[in-house]
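Enquirer: Protein chains in written order, with the UniProt record's numbering: chain X, 1 to 264; chain Z, 1 to 301; chain V, 1 to 95.
FYI, nobody ran anything at the bench for these hints, they're computed from the structure.
Note that the structure is predicted; figures quoted are calculated from it, not measured.
Virtual Cβ for every residue (Gly too), placed ideally from N, Cα, C.
If we take Cβ atoms under 10 Å as the criterion, some of the chain Z residues that face chain X in the derived model are:
#1 53
#2 225
#3 227
With a cut-off of at most 25 Å between alpha-carbon atoms, the simulated SDA-like pairs for lysine to any residue come out as follows:
#4 V:36 / X:132
#5 V:43 / Z:95
#6 Z:225 / X:38
#7 V:43 / Z:270
#8 X:163 / V:39
#9 Z:225 / X:25
#10 V:43 / X:96
#11 V:36 / X:189
#12 V:43 / Z:99
#13 V:36 / X:198
#14 Z:91 / X:130
#15 V:43 / X:177
#16 Z:225 / X:24
#17 X:163 / V:36
#18 V:36 / X:200
#19 V:36 / X:181
#20 V:36 / X:165
#21 V:43 / Z:239
#22 X:163 / V:37
#23 V:43 / X:130
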Amino acid sequence: MLNLQSLSEIQAEFAEALRNPAAAIPAGIVGPDGGPAPKRFSIYRNNVLVALGNSLAGAFPAVKRIVGEDFFKVMARTYVLESPPTSPVLMDYGKTFPAFIARFEPASSLPYLADVARIERQWRESYHAADAVPLPSTALAEVPEAELADVTFRLHPSLRLSKSSFPAVTIWRMNASDVPTSAVDFAIGEDALIVRPDAEVEVRVVPPGGTAFVEALASGESLGSAAALGQSSDERFDLGGNIAGLIGAGAFVEIRRGLEQVPQ
Amino acid sequence: MSQQSTMPLQSTKPDAIPARVGVGLKPEHYDAILTERPDVGWFEVHAENYMGAGGPPHRYLTAIREQYPLSLHGVGLSIGAARPLDRDHLKRLKALNERYQPGLFSEHLAWSTHDSVFFSDLLPLPYDEESVRRVADHVDEVQDTVGRRMLLENPSTYVAFAESTIGEIEFLTEVATRTGCGLLLDVNNVHVSCTNQRWNAIDYLDRFPMQHVGEIHMAGYAPSKDDHGDPLLIDAHDRPADPVVVELYDHALSRCGPIPTLVEWDNDVPDWPTLFAEARRVESVLTRARRDEDAELAVAV
Amino acid sequence: MSTTKKLTATVLAGAVTAAMASFAVPASAAEGDMVKCYGVSLKGQNDCAAGAHSCAGTSTVDYDGQSFKLVPAGTCTEMQTPEGPGSLEPIDRPA
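Please build the complete structure, drawing on both the sequences and the hints.
Expert: Rendered as structure tokens:
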């Protein structure tokens, strides 16, 4: 006589068998003849890995191209079993994939791989981030000189920064598009500024000191103190160039002057 | 694409889905659809792919929604789970319904989440009084929260449960009766499940409670083999609907009359002309059914 | 914060002026490095269909992955390093 289980018990057992290859297939799972059906059950096991693996492949195309299809498949499956999604919204899945890659031993010969993955993850977030209209390029020129040091900014909701001590942007670009591959100078580290000012996500290499500058602005520091932080992080920091770069990227959506705000 | 409004649509009433063929909207076809404005009755999207805060998906969907009626099809709510529904996800579904005012809103008779792990697959459940009660409670909760009627789709299954005490049709009928929800009849799923479970598909359709059906799905399957080397069909959505499935569709229409019908093609997505041709092929069956019905009405009058 | 505020209003104003001037030049340096990839019509991540290829006819699932055997085999081997063609592995740097 079959020991009847509750729905909750059946699903717990089913879920465990999906996640753990060593777990037994639930006893109540049968084929049309009423007998055990391990091959039929394995379709579900496989669907889960295929669906979630495909989701990662879609979100990390450059990583996949760098390591090749077979390597990516195994790396993705290992990650899926270790860190399955906890939300049904799969566009959010893979936040921790770059960190996983950084400690995935077989990928250790490609130490820049996690940084490329980070760019792809941030790219995804930027793509789905809230829309906002960047300030016109002249907005900052309208702020009186005496107030400039104290202004703060609301940055574009799609803005992301990705740091790397490798030429991660160059490597990403070579593998995310059809530009021909060429020599890569590993002595150059590239931080990425990722913004979607309108429909398309744009990626730029951050100039020296720029990352500290943007991080400070993003955390609400005034222009004056953010500039000082940029300068102290890298002596090559060029404030004018950084401001021009951020305006050109559409990074600013609002200037806040003390109590008064200048939206456009 | 140019800067467009991403504000919610101003219309307050959903545009009803016509009894025509609609197409599952894929990003690969956004531009072709907006440029060519093909004669398609309506489009359907997977709700979860439009749950980001902003960006191109919403822009495209807004632009397409301005031209066509829209149906919203959830693929991740896990209505068949023993555990409570994900409240945050329900809120997201409600927000999407409010934003796009779809003419139809549907989900699956399946579960996909357990202990907060999302499996991204439509998993089967045993059919008995406990699971009927659970699913009916969840459908009630969805309809109360989202504030509208939903359709529940019959699944493709590969296994059965020794625990089941009632049939799939009895199960679906009972849930529809208890909750007032409608049903989404996936004819490809009927063929896949009937083949896999060794049921008779015509008999299945003859017993299906057509009075609750608000939408039909058509898709292609991939053939495989089970543990004994016997046929096992996989719900792959990677090719045109099989001729057998088109015949079953024709049979279903003879029972339920013209019903909004979706053509789904989610894997190995073809170019737009190929998908459009598949939609036209299915539409020809639907048009013939409509003519037959009109003729019957004329005779009756 | 005020302790790090070493930049004078004049320096800031000069930087803003320089930034504005760069926009007067067509194709300014600010745009030079910008990269767009992938386009705007990305495939959705959620789906309701079964994975077609790898599940059809598959009776066992390769969970193990045999990752100990894994060697990356993508574009990295086709790219060139400053030291010549070959792997992208950094040569003079600790990993």
